[in-house]
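First to last, the sequence lines map onto chains D and E.
So the first sequence is numbered by this note's numbering: it starts at 1 and just counts up by one.
So the second sequence is numbered by this note's numbering: it starts at 1 and just counts up by one.
Keep in mind that the hints were calculated from the coordinates and are not lab data.
You may find that some hints are simply not true.
[Claimed, not checked] No more than 35 Å apart at the CA atoms, straight line, and that leaves these computed lysine-lysine pairs for DSBU-like: (1) K741(E) - K744(D); (2) K462(E) - K360(D); (3) K462(D) - K395(E); (4) K741(D) - K395(E); (5) K362(E) - K741(D); (6) K757(E) - K360(D); (7) K360(D) - K395(D); (8) K360(D) - K741(E); (9) K744(E) - K592(D); (10) K462(E) - K359(D); (11) K359(D) - K757(E); (12) K362(D) - K462(E); (13) K845(D) - K362(D); (14) K364(D) - K744(E); (15) K618(D) - K508(E); (16) K760(D) - K592(E); (17) K359(E) - K462(D); (18) K741(E) - K362(D); (19) K618(E) - K618(D); (20) K508(E) - K508(D); (21) K741(E) - K400(D); (22) K760(E) - K744(E); (23) K462(E) - K364(D); (24) K508(D) - K395(E); (25) K362(E) - K744(D); (26) K362(D) - K757(E); (27) K364(D) - K760(E); (28) K362(D) - K592(D); (29) K359(E) - K757(D); (30) K360(E) - K757(D); (31) K592(E) - K364(D); (32) K362(E) - K462(D); (33) K395(D) - K362(E); (34) K364(D) - K362(E); (35) K462(D) - K360(E); (36) K507(E) - K507(D); (37) K741(D) - K360(E); (38) K508(E) - K507(D); (39) K359(D) - K400(E).
Computed from a predicted structure; not experimentally measured.
Chain by chain, the residues run as shown.
Number of protein chains: 2
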Amino acid sequence: MLSVLSFLRRRRHHCYQLRLLHDRQSSTAASTLRTPLSHPTYFVWSPNTSLGKTLVSTGLAFSSLIGRSAPSKFVYLKPVQTGFPSDSDSLYLFNKLSSLSLLHKPHSPLLSSHQILQSSFPAANSLSSSLIRRSPDVSAPSGHPNSASGMVDLSFYKENRVLGDESEGNFVSELVSRTIFAYEEAVSPHLAAKRESAAVQDSVVVEMVERCLRAGLEGESEDREVLCLVETAGGVASPGPSGSLQCDLYRPLRLPAILVGDGRLGGISATISAYESLKLRGYDVAAVVFEDRGLVNEVPIMCYLRNRVPVLVLPQIPQDPADDLMQWFDDSRSVFNSLRDIMQSAYAERMHALLHMPKKAKEKFWWPFTQHGLVPEEGVTLIDSRCGENFSVFKGANDKSMTQLFDACASWWTQGPDATLQAELARDMGYAAARFGHVMFPENVYEPALACAELLLDGVGKGWASRVYFSDNGSTAIEIALKMAFRKFSVDHGNLSDILSNIEDDKKAELMVLALQGSYHGDTLGAMEAQSPSAYTSFLQQPWYTGRGLFLDPPTVFLSNSIWNLAVPEVLHSKVVEHRTTFRLREEIFCKSRDNSELAGLYASYISQHLSGAGGHKCIGALIIEPVVQGAGGMHMVDPLFHRVLVNECRSRRIPVIFDEVFTGFWRLGAESAADLLGVQPDIACYAKLMTGGIIPLAATLASGEIFDAFMGDSKLDALLHGHSYSAHAMGCTAAAKAIKWLKDPETNLNFSSEGKLLKELWDITLVNRISDHPAVHRVIALGTLFAMELRVEGNNAGYGSLYSRRLIRMLRDDGIYVRPLGNVIYFMCGPCTSPEICSQLLTKLYRNLEEFHRLRSKDEFMDVVVEK
Amino acid sequence: MLSVLSFLRRRRHHCYQLRLLHDRQSSTAASTLRTPLSHPTYFVWSPNTSLGKTLVSTGLAFSSLIGRSAPSKFVYLKPVQTGFPSDSDSLYLFNKLSSLSLLHKPHSPLLSSHQILQSSFPAANSLSSSLIRRSPDVSAPSGHPNSASGMVDLSFYKENRVLGDESEGNFVSELVSRTIFAYEEAVSPHLAAKRESAAVQDSVVVEMVERCLRAGLEGESEDREVLCLVETAGGVASPGPSGSLQCDLYRPLRLPAILVGDGRLGGISATISAYESLKLRGYDVAAVVFEDRGLVNEVPIMCYLRNRVPVLVLPQIPQDPADDLMQWFDDSRSVFNSLRDIMQSAYAERMHALLHMPKKAKEKFWWPFTQHGLVPEEGVTLIDSRCGENFSVFKGANDKSMTQLFDACASWWTQGPDATLQAELARDMGYAAARFGHVMFPENVYEPALACAELLLDGVGKGWASRVYFSDNGSTAIEIALKMAFRKFSVDHGNLSDILSNIEDDKKAELMVLALQGSYHGDTLGAMEAQSPSAYTSFLQQPWYTGRGLFLDPPTVFLSNSIWNLAVPEVLHSKVVEHRTTFRLREEIFCKSRDNSELAGLYASYISQHLSGAGGHKCIGALIIEPVVQGAGGMHMVDPLFHRVLVNECRSRRIPVIFDEVFTGFWRLGAESAADLLGVQPDIACYAKLMTGGIIPLAATLASGEIFDAFMGDSKLDALLHGHSYSAHAMGCTAAAKAIKWLKDPETNLNFSSEGKLLKELWDITLVNRISDHPAVHRVIALGTLFAMELRVEGNNAGYGSLYSRRLIRMLRDDGIYVRPLGNVIYFMCGPCTSPEICSQLLTKLYRNLEEFHRLRSKDEFMDVVVEK
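With the hints as extra help, turn the sequences into a complete structure.
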């Protein structure tokens, strides 16, 4: 019997390479689109070809431009046309409007223009050269020469002016009808592009649409009613020129949609499925409209839509090909008027909502880590959507547009997906919710939970972990880890209760963790107790916090003036001075040969001293560290040698070792887990954030078999009695299973060399060094997806409360990068799939802004007095 | 301008009532389907009509039955046929197979049967009565008389035996081809059903399919290769007879799917959209197959599927209607063989996975609250999917079938949706993931977070709350609430640090909460500290727990022998005896007039005494309670009068009041919040669990403006420095916004009377009383979606560790109800939309099993020694 897998293998050569998918999609990632929102602008979609998209567009133009009592403008774009020149939807609309306007006197003057920007060579050859004129206002985006894509800069242009009646007053209405890319063959654009050797990258299509929209809307006052349509080709999921599905291709623009449905037998299903494909890509559908074919398809469709989306029905279209449809357009006028009203209203409602959201947010939200008194309304960022690494942000009343910002804080370090993975995750989320919603976990099994557990044990837990304990976030994962560690300690060292009582002077000993200064493990009390005192743990924040840890000051490493430096705690200063304290390459710092250095011995005795100095009143029940980099504490890279020695010292004392990999896990630092970088393994480790690809909360505490065994017994009371309602929820596990596989698969993550052990270097070393040389910069870290930079400050401008970076943050946000500082530490965090090119763009922008910031600073041109996180 | 809303209102009358939707869908909810999995069984779907579903079915029958070297069986079901009798897919397949088998000698004998079970009157009239014979083995499900549905019990039956060659050995292959419901008009089933007055409920269609599958597979050994197909009508989202979309209608069966795609122009989009509609309902698609139309549609489809699903291409179908397709079937044989292989392999892989999942789960999971030593492999429940309130559970190697179990523990009290809401949520999850994934929250705003906050403030927070603080689960919401309360207390009473130091004997006072015995607020340390000592908080579980509360013993109420009783703490026994301690109706307990009773005074002095008795070393900084019902503590209903008095006493002392509504919120107890039942409002309240409709984790801590103001200031360090990575994640907020609206809307939740203030009574009072009269029952509570019952036990069989109920739990699970006890307390929890009929079925089953349990108990026929949660 043929297995499914072998069948798939056999057929694999038939398929596009996924790398191709990346090539055609990823280049939009760092672009900064600015999509105008000054007037209603819609996509026109359809489940299939030949359902009347162009008739609907034409009808809307008719309704907008003819017989109106005020001036109006209609902009029609056909980004991709096949079957050209015999088929041209923009020409059809242009011609039809002329005919309609001549038939519908009295009317105001109508100025129409028709334009075809680019076509393939075969399509161009089919056009008489006499027809070709220069385009007046739109050219191809720079950096994408047409010669490379095989496209001809056609710029076919035609104008038409229909004079109006004197009685109608003096206003002029305007029609702009444009085709952007035209192909000759009447097939799907991806086939036409291939056969006519005229491929166009997705990013170029999107940029051209955006450019044409801006050209069509620029300078328009709000007095003249304007309606813009972008009509897609074929069905919603028909491939565009690059092969990307159109619904994916146009996603960065996320214009609201008009769906031209199907009134025929089978059309209910086709319309609903197309609607679902649009929603599954995050589009909003403003209305569904289709031709009546006598089957009352609108009833089940409206029922499906629960009356939330208007459904309009057009009169049946005459079958006779000789019919010029003039009568049909007249008969349909009221439907088109309704549709136009709906589109105008939906636009007005959206704008109203967008304009009022920041104020409402300020009134109703209680943001975490935010002093509300310090956030002005105009300081609220309105995020309309995310597409891969980019936010789409509404810029407010003055600049009615959507701008793309690179999410360089990775939304609190959770984000990993590019646009392709996000789309995959969206489909998986729909599937998991439909199949499982959430189901009970204890004593049960279901596919996604098992798949996720297996991937964790075979990935970050490989070689040491044998069990997965699911919870909801990093903080709960830590609380669970602590409970595990204390039990194991108790089993190993005898009854813990006895140990704590059994000291000389009758005072009960305190059970504590060994941890590092500058650590952060979460905000629930148990997690707080395990971290060193900080702003987060102050008496003001949680009076119950006591800090149940012995907190060591760790040696750190950082890049400065293109050299990696070692900074050791004060007590070691005198001793370390003889040892090597700088490194030329980051790799040297991680080198295992350092284990035999004298420094390793120094570290060991430093740790031993503290452990024995802790005295009888302190009982160290667990070690807990963030391996390699301490995140919230300020992006400090601890000397990996120190971490390694620390783990070994604890292990020799049978103190269970917990790695908090909530931040560092899943390629954040370039390896699947930071433990891989250290080369030592924990007994317990916590994962969250990026684990689900950053889509929904899920956490896992992994444990070795020995830890698990400490809870085995005859009684339920011996079991670990900790749990959260949504333990191992199906959606989180589904997302995690997809993301974990995706990020480590060289077919889907191009940042892997063939080996797949480490991400390729994402941050250009020359740029990184250059920044580390800058006088405004105190130190730099670049590792995996993380680039961090501490600004050089004086006095009390350092630390969490610092306001020093505020201006630079604002400059970067204005330059398309959404950053959020940790006091005077500014970091960029990309996804494990983000291309090094994008990272270089980010660093280049940073350097440019840093220069300006430094220039202004040195002139003392600003002084902010506000604190941020 | 016409607003979108007014347009929608105008058109509303066009639409089916949503109530109809409920009627046609909900009746499957409590049924106990048993879908056989003994042999591969598939749905055949298509994006549209006329794409060759029946040709694919026929080709698979051909490949399965003819020219094989071993006996085989092919079962074909067409649940709904329109255009009958001129169109009959089952007859086509039956006839075609006869022709094909005659042409393909040598072969083994083939026994074929064709059957049509029911049809509308018009369809029946069109059939010659001479053709009608009795059905041999399948009849309509009981309880659904055909007369009611307007269906005729047609039972058209035909047999055909093709003799084989002697040389082929002795085996006989078999074809079963059946139509279940036939309509005359060649339109969508919902239209035909309406026009022919022959509606069929969804549950009846599903049960008939299941019954036919069982009839077709019963008694089949695993030696004979069997393949079953269920061919749908029209497109994936074409309506069935009731008007439900077929992809929704058949969802309880969730058979794997074969998608017959579209090879024409536009077919890529149609195929992908149909595929997405199937996935968006939780179906697995095993293969895509379509007719070659020369457009290489398989390439982009395979690319889209990332080679994870096989795509097969059939030779073009001859256009000539006179062609009998014999040659085409021959030419297509290899493709059908591959498809059949793929279906067999996918089935084998699925079975292998299902059979091994429990073992793997035992090896890799660390379940919460579970003593792993006590869970045998056969005790692991394999949940294959959820559909509304029901699990679909795989019963293991002996009984290869999927059985439905009512999720009566509401998966740790998270669940609310019925099948319709689950499907809506699934679409919303896909949309939210595609539009947002997750985006950064602090200082930002995005639509779902704002929508969710507004709904919370206008719902559970109405009248008191002005701010929403989002987190991940109940436990984190409590930790946040405590931080809020302590700060407010500090602001109101002067610097907290000073207060705690400023006592006589130099000992620092302890900051504590006022809470109740039997309380539970979560498993992170902060939440644990606020609850009274229990098994969850023991030293063994978390050595850091100290119990920082003054824990009062509360008076409780419960139903016993059809009477509501009041049980007061021991210290009040002597005083309360004079007061009324029983109630005939539950409403009397909630009656506000009790505020003026002497009992209210007694409660007040009891509380005052404890508060002043706490002494100077205890500083009470907050009150925290689970209003009305204490959940995890054993489903105890606290006297609402006591809760009210308690709140008032604290308020008069300016102690902030926290309601933990994690369990009680969102209609769990019949009102949107339990605070509504009490008639007093908190300063801070925590919500989670059911808030998202039970689909993903999200929590909210609501606070009054006064609480919020306690954190305002000039410094960020005054802000509440607590947060989780996924704060206000878009998917959770989207789910919550949908669920909150859905559950309180009388159009979508039929459990509302016109008022909409309280759910209608879900638990039949007669049945509830009857159970409370039972000698095996100690006490009962029925309120909102909760029915709880404490078994009468002796000695140490009570409490969390009790094993007394184990046998009853097993009996209920075998009877289709998934329960999970709290020691000797057994509870049923339905959703706010669950119909009272289903609740009555549950109670009836409970009573029956209780009788049996009691009978066995009294005979001492079993004695279990295992502890459960």
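Hints, verified against the model:
1. K741(E) - K744(D): Violated, at roughly 40 Å.
2. K462(E) - K360(D): Satisfied, since the Cα-Cα distance of roughly 16 Å is no more than 35 Å.
3. K462(D) - K395(E): holds (32 Å)
4. K741(D) - K395(E): Status holds; Cα separation ~30 Å.
5. K362(E) - K741(D): Holds: K362(E) and K741(D) sit about 23 Å apart, inside 35 Å.
6. K757(E) - K360(D): holds (27 Å)
7. K360(D) - K395(D): holds (16 Å)
8. K360(D) - K741(E): holds (19 Å)
9. K744(E) - K592(D): Outside the cut-off at roughly 62 Å; violated.
10. K462(E) - K359(D): holds (20 Å)
11. K359(D) - K757(E): Cα-Cα ~31 Å, so holds.
12. K362(D) - K462(E): Between K362(D) and K462(E) the Cα gap is close to 18 Å, so the pair holds against 35 Å.
13. K845(D) - K362(D): holds (31 Å)
14. K364(D) - K744(E): Answer holds: K364(D) to K744(E) is near 21 Å, not above 35 Å.
15. K618(D) - K508(E): holds (21 Å)
16. K760(D) - K592(E): The hint is violated at about 69 Å.
17. K359(E) - K462(D): Within the cut-off at roughly 20 Å; holds.
18. K741(E) - K362(D): holds (23 Å)
19. K618(E) - K618(D): holds (26 Å)
20. K508(E) - K508(D): holds (18 Å)
21. K741(E) - K400(D): holds (31 Å)
22. K760(E) - K744(E): Measuring from Cα to Cα gives roughly 12 Å; hence the hint holds.
23. K462(E) - K364(D): It holds: about 13 Å lies between the C-alpha atoms, which stays within 35 Å.
24. K508(D) - K395(E): At roughly 53 Å apart (the allowed maximum being 35 Å), K395(E) and K508(D) break the hint.
25. K362(E) - K744(D): Holds - the C-alpha atoms of K744(D) and K362(E) are around 27 Å apart, at most 35 Å.
26. K362(D) - K757(E): Within the cut-off at roughly 30 Å; holds.
27. K364(D) - K760(E): holds (32 Å)
28. K362(D) - K592(D): Not OK: K362(D) and K592(D) at ~52 Å, beyond 35 Å, violated.
29. K359(E) - K757(D): holds (31 Å)
30. K360(E) - K757(D): Roughly 27 Å between the alpha carbons, so the hint for K360(E) and K757(D) holds.
31. K592(E) - K364(D): holds (32 Å)
32. K362(E) - K462(D): OK: K362(E) and K462(D) at ~18 Å, within 35 Å.
33. K395(D) - K362(E): violated (53 Å)
34. K364(D) - K362(E): Status violated; Cα separation ~45 Å.
35. K462(D) - K360(E): holds (16 Å)
36. K507(E) - K507(D): Distance ~16 Å between K507(E) and K507(D) Cα, so the pair holds.
37. K741(D) - K360(E): holds (19 Å)
38. K508(E) - K507(D): Holds. K508(E) to K507(D) sits at ~17 Å (cutoff 35 Å).
39. K359(D) - K400(E): violated (58 Å)
The structure fails to meet hints 1, 9, 16, 24, 28, 33, 34, 39 from the earlier list, while all remaining hints are met.
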